[in-house]
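Residue strings, one per chain:
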Amino acid sequence: LFLNDNDFRQEGHYIDSKKISLKISLKGTLILVFGFILIIFSIGLSIAYGAADIRLTTVWEAVSHFNPELTSHQIINEIRMPRAIGAVMVGALLAVSGAVMQGLTRNPLASPSIMGVTDGAAFALVVTLAFLPAVSIVGLTFASFLGAGFGVSLVLMIGTFSKGGLTPVKLALAGVAVGSLLSAISTAIALHTQVAKSMSFWYAGGLTSTNWTSIKILILAGGIGLLLAMYISRSITILSLGEEVSKGLGQNTFLVKSLGVLVVLLLTGAAVSVAGAVGFIGLVIPHITRFIIGSDYRWIIPISAVLGGLLLVLADIFARMVNAPYETPVGAITAIIGVPFFLYLARGERRGL
Amino acid sequence: MNGWKAKQKKFYVSITFLTIVTTILFIISLNLGVVRIAPLDVLKTMIGMGTARDHLVLFDFRLPRMILCLLIGAGLAVSGAILQGVTKNELADPGILGINAGAGLSVILFIYFFQGSMNSISSLGIFLMPLFALIGAVVAAFLIYVLAWKKGIDPVRLILVGIGVNSGFGAAIVIFQLKMNPQDFMQAAVWLSGDIWGANWKFVSILTPLILLLLPIAYYKAHTLNILNLGDQVATGLGINVEKDRRFLLLVAVALSGFSVAAGGGIAFLGLVAPHIAKKVIGSKHQLLLPVTALLGSFLLLLADTIGKNLLTPTQIPVGIVVAIFSAPYFIFLLMKAK
Numbered sequence: 001l002f003l004n005d006n007d008f009r010q011e012g013h014y015i016d017s018k019k020i021s022l023k024i025s026l027k028g029t030l031i032l033v034f035g036f037i038l039i040i041f042s043i044g045l046s047i048a049y050g051a052a053d054i055r056l057t058t059v060w061e062a063v064s065h066f067n068p069e070l071t072s073h074q075i076i077n078e079i080r081m082p083r084a085i086g087a088v089m090v091g092a093l094l095a096v097s098g099a100v101m102q103g104l105t106r107n108p109l110a111s112p113s114i115m116g117v118t119d120g121a122a123f124a125l126v127v128t129l130a131f132l133p134a135v136s137i138v139g140l141t142f143a144s145f146l147g148a149g150f151g152v153s154l155v156l157m158i159g160t161f162s163k164g165g166l167t168p169v170k171l172a173l174a175g176v177a178v179g180s181l182l183s184a185i186s187t188a189i190a191l192h193t194q195v196a197k198s199m200s201f202w203y204a205g206g207l208t209s210t211n212w213t214s215i216k217i218l219i220l221a222g223g224i225g226l227l228l229a230m231y232i233s234r235s236i237t238i239l240s241l242g243e244e245v246s247k248g249l250g251q252n253t254f255l256v257k258s259l260g261v262l263v264v265l266l267l268t269g270a271a272v273s274v275a276g277a278v279g280f281i282g283l284v285i286p287h288i289t290r291f292i293i294g295s296d297y298r299w300i301i302p303i304s305a306v307l308g309g310l311l312l313v314l315a316d317i318f319a320r321m322v323n324a325p326y327e328t329p330v331g332a333i334t335a336i337i338g339v340p341f342f343l344y345l346a347r348g349e350r351r352g353l
Numbered sequence: 001m002n003g004w005k006a007k008q009k010k011f012y013v014s015i016t017f018l019t020i021v022t023t024i025l026f027i028i029s030l031n032l033g034v035v036r037i038a039p040l041d042v043l044k045t046m047i048g049m050g051t052a053r054d055h056l057v058l059f060d061f062r063l064p065r066m067i068l069c070l071l072i073g074a075g076l077a078v079s080g081a082i083l084q085g086v087t088k089n090e091l092a093d094p095g096i097l098g099i100n101a102g103a104g105l106s107v108i109l110f111i112y113f114f115q116g117s118m119n120s121i122s123s124l125g126i127f128l129m130p131l132f133a134l135i136g137a138v139v140a141a142f143l144i145y146v147l148a149w150k151k152g153i154d155p156v157r158l159i160l161v162g163i164g165v166n167s168g169f170g171a172a173i174v175i176f177q178l179k180m181n182p183q184d185f186m187q188a189a190v191w192l193s194g195d196i197w198g199a200n201w202k203f204v205s206i207l208t209p210l211i212l213l214l215l216p217i218a219y220y221k222a223h224t225l226n227i228l229n230l231g232d233q234v235a236t237g238l239g240i241n242v243e244k245d246r247r248f249l250l251l252v253a254v255a256l257s258g259f260s261v262a263a264g265g266g267i268a269f270l271g272l273v274a275p276h277i278a279k280k281v282i283g284s285k286h287q288l289l290l291p292v293t294a295l296l297g298s299f300l301l302l303l304a305d306t307i308g309k310n311l312l313t314p315t316q317i318p319v320g321i322v323v324a325i326f327s328a329p330y331f332i333f334l335l336m337k338a339k
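Read top to bottom, the protein sequences are chains F and P. Position 165 of the first sequence, counted from 1, bears residue number 165 in the numbering used here, the numbering being contiguous throughout. Position 119 of the second sequence, counted from 1, bears residue number 119 in the numbering used here, the numbering being contiguous throughout.
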């Protein structure tokens, strides 16, 4: 429906030519450097913006000469810094996870938000809270990690074992079905065991409760995931040309796919366990990246990470500004950006991966 | 002709069977609940000889709720059947397409701006709620139709656009939900996944005529549905104004699901599963299919409500949750089989 193999082959020819490949490297490097500078600047903005008025110079002082006596430095260090850095990392992980999913499944709609991730994580949280009420924060994080993976695996399994393979519609519908099944079961459990209240908090969560522990989780799981993603990026490029092409070139497609699924689980698990329901970044960013840089995943993955991080940290600032002093859930902001984009893809305006 | 006669016989058998089973379930469900009432006492109360307490439980709590169940079940099931017929897509359902979410958002907005709280809905509010749900459902359907339009309506595109619109409404709902107080938040969340609430006679008296009016209209258009199923070209050849009829039928389906949402929240998958099972039994002639679907929908929703009320007492599991837990696997099965 969305794919046209000829397009890829032609694109492949173009990429082969040295000149264009040099141009892409230059463009990619520029975007990475610029994106990085913008991210640093946005982190500064994100830290400075909030209920207690803090100036950008104070932010810099808190970083360069931290003074525990000053309240503003403490606010920066304990609350705002982890939140801003967390936003960047969650955005980066979700974007890369989406890029890898789209490459592996050759499906333009593949992304964490429509694949049962959030509902899977919520499901695991409810089960944990219901049966192990004394569980620690780390335990809960681990549970939502596993749950997110469980949701994605279910959707991928349904897609893989169904007749006709993983078409965009099937993937979207399987995501809806698995999502509603898991959320129905978790609501039933939550109502029965009266953990419903703690859950509404989680749904609304967003980035509010990000702390240094969350950053550690993101660095650990995200770091491994990102490195692994870069390691298989070349193979994903080839795989995205088609299963036959990939096999014909002597690739072990099973190994690449398994590693890819592992990457997706690590990245989405970490992101969702920290930030909860933040949708559509994994859908939108890889498409934009592909539009800018072409179909080479060695570039798509790092650039997706940078753009995803930038988008989420900006969305988080916006979420705090739009209805101040109340916070709008950042997931709602990303959905407002993402839904029109999803509709655009669903209408089939932009074909190909 | 023989095949047709056999089908008609099957039709009457199914209708009779479903009516009997639903009646039995109705009686059983009247007995069950947090307060159990023996069948004999139910009978006594019905003819006005029961205790005051039984009278209260039966007439003020259980009966209106169960009647709403029957109405909503039939409404959603027929709505799903029409949507599947019109879009020629087996997987169409008002919940999946985002029509329920549109109605839900409209009702949440109404409560947020005009009522203040989920628990203090005025009597005027009860009259206005179905209207708001209808407006929301129509707006959602219109949005989906327009966004999916591209030199015609492609079934696959329609579903994908519906899923997108659905999540858009979902995000908007979350924004307003979070502005409510925590108790309302939970109640709204439960209601959005399907819960028969505010079950009182006022609600029943408003909803009964609305749904009972729409069902015969749908039945009257059954023939058109059959012809639309043959494809646009054949239908035009047979003298049907395809686009006009399709829009009219869509409007009927949307109105049915909108009213159902006003009373029962966003019950998903029922509009998908009931027509499917009915089609397996009776085939796809809509004159036979629609009545069987309606009865089956009523039966399934009453069954789900009875299970939800009694399985984990004293916790009452909302009916939409029970429906989702049983239907989602069936839907996944269908999805895996479909090409």
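Hints may contain errors.
What the hints assert, rightly or not - Below, simulated SDA-like cross-link-like pairs (lysine to any residue); rule was C-alpha separation at most 20 Å, straight line:
1. P:Lys337 with F:Thr160
2. P:Lys179 with F:Tyr344
3. P:Lys179 with F:Pro325
4. P:Lys88 with P:Lys280
5. F:Lys163 with P:Tyr330
6. P:Lys5 with P:Phe17
7. P:Lys285 with P:Ser205
8. P:Lys221 with P:Leu238
9. P:Lys179 with F:Phe341
10. P:Lys280 with P:Asn226
11. F:Lys163 with P:Leu335
12. P:Lys88 with P:Asp245
13. P:Lys337 with F:Pro325
14. P:Lys337 with F:Met321
15. P:Lys244 with P:Gly231
16. P:Lys337 with P:Asp245
17. P:Lys151 with F:Pro325
18. P:Lys285 with P:Leu210
19. P:Lys337 with F:Val322
20. P:Lys221 with P:Ser205
21. P:Lys179 with F:Gly165
22. P:Lys7 with P:Lys285
23. P:Lys179 with F:Thr167
24. P:Lys150 with F:Ser209
25. F:Lys163 with P:Lys337
26. F:Lys163 with P:Leu210
27. P:Lys179 with F:Glu327
28. P:Lys88 with F:Met321
29. F:Lys163 with P:Leu334
30. P:Lys221 with P:Val204
31. P:Lys179 with F:Pro340
32. P:Lys150 with F:Lys163
33. P:Lys5 with P:Val281
Stated by the list, open to error - Which residues of chain F face chain P? A few of them, derived with a C-beta cut under 8 Å, are:
34. Ala134
35. Pro168
36. Gly242
37. Gly250
38. Pro325
39. Leu343
If you're looking for bench data, these hints aren't it; they were derived computationally from the structure. Just so it is clear, CB atoms sit at the ideal spot from N, CA and C, and this is done for glycine as well.
Hint check results:
1. P:Lys337 with F:Thr160: 12 Å, holds
2. P:Lys179 with F:Tyr344: Violated, at about 30 Å.
3. P:Lys179 with F:Pro325: 13 Å, holds
4. P:Lys88 with P:Lys280: 16 Å, holds
5. F:Lys163 with P:Tyr330: 16 Å, holds
6. P:Lys5 with P:Phe17: Holds, at about 18 Å.
7. P:Lys285 with P:Ser205: 32 Å, violated
8. P:Lys221 with P:Leu238: At roughly 15 Å apart (the allowed maximum being 20 Å), Leu238 of chain P and Lys221 of chain P satisfy the hint.
9. P:Lys179 with F:Phe341: 27 Å, violated
10. P:Lys280 with P:Asn226: 16 Å, holds
11. F:Lys163 with P:Leu335: With Cα atoms ~9 Å apart, Lys163 of chain F and Leu335 of chain P stay inside 20 Å; holds.
12. P:Lys88 with P:Asp245: 14 Å, holds
13. P:Lys337 with F:Pro325: Given that 20 Å is the threshold and the Cα spacing comes to 50 Å, the pair is violated.
14. P:Lys337 with F:Met321: 48 Å, violated
15. P:Lys244 with P:Gly231: Holds: Lys244 of chain P and Gly231 of chain P sit about 15 Å apart, inside 20 Å.
16. P:Lys337 with P:Asp245: Violated, at roughly 31 Å.
17. P:Lys151 with F:Pro325: The given pair, whose Cα atoms are some 46 Å apart, is violated under the 20 Å limit.
18. P:Lys285 with P:Leu210: 25 Å, violated
19. P:Lys337 with F:Val322: This hinted pair is violated, its Cα atoms lying about 46 Å apart.
20. P:Lys221 with P:Ser205: 26 Å, violated
21. P:Lys179 with F:Gly165: 42 Å, violated
22. P:Lys7 with P:Lys285: 10 Å, holds
23. P:Lys179 with F:Thr167: Violated - the C-alpha atoms of Thr167 of chain F and Lys179 of chain P are around 38 Å apart, more than 20 Å.
24. P:Lys150 with F:Ser209: Violated - the C-alpha atoms of Ser209 of chain F and Lys150 of chain P are around 44 Å apart, more than 20 Å.
25. F:Lys163 with P:Lys337: 6 Å, holds
26. F:Lys163 with P:Leu210: This hinted pair is violated, its Cα atoms lying about 41 Å apart.
27. P:Lys179 with F:Glu327: 10 Å, holds
28. P:Lys88 with F:Met321: 45 Å, violated
29. F:Lys163 with P:Leu334: 10 Å, holds
30. P:Lys221 with P:Val204: Roughly 26 Å between the alpha carbons, so the hint for Lys221 of chain P and Val204 of chain P is violated.
31. P:Lys179 with F:Pro340: 24 Å, violated
32. P:Lys150 with F:Lys163: Violated, at roughly 28 Å.
33. P:Lys5 with P:Val281: Judged against 20 Å, a Cα distance of about 15 Å means the pair holds.
34. Ala134: 22 Å, violated
35. Pro168: 7 Å, holds
36. Gly242: 20 Å, violated
37. Gly250: Because about 32 Å separates Gly250 of chain F from the closest Cβ in chain P, which is outside the 8 Å limit, the hint is violated.
38. Pro325: 13 Å, violated
39. Leu343: 5 Å, holds
Hint compliance for this structure: hints 2, 7, 9, 13, 14, 16, 17, 18, 19, 20, 21, 23, 24, 26, 28, 30, 31, 32, 34, 36, 37 and 38 are not met, and every other hint is.
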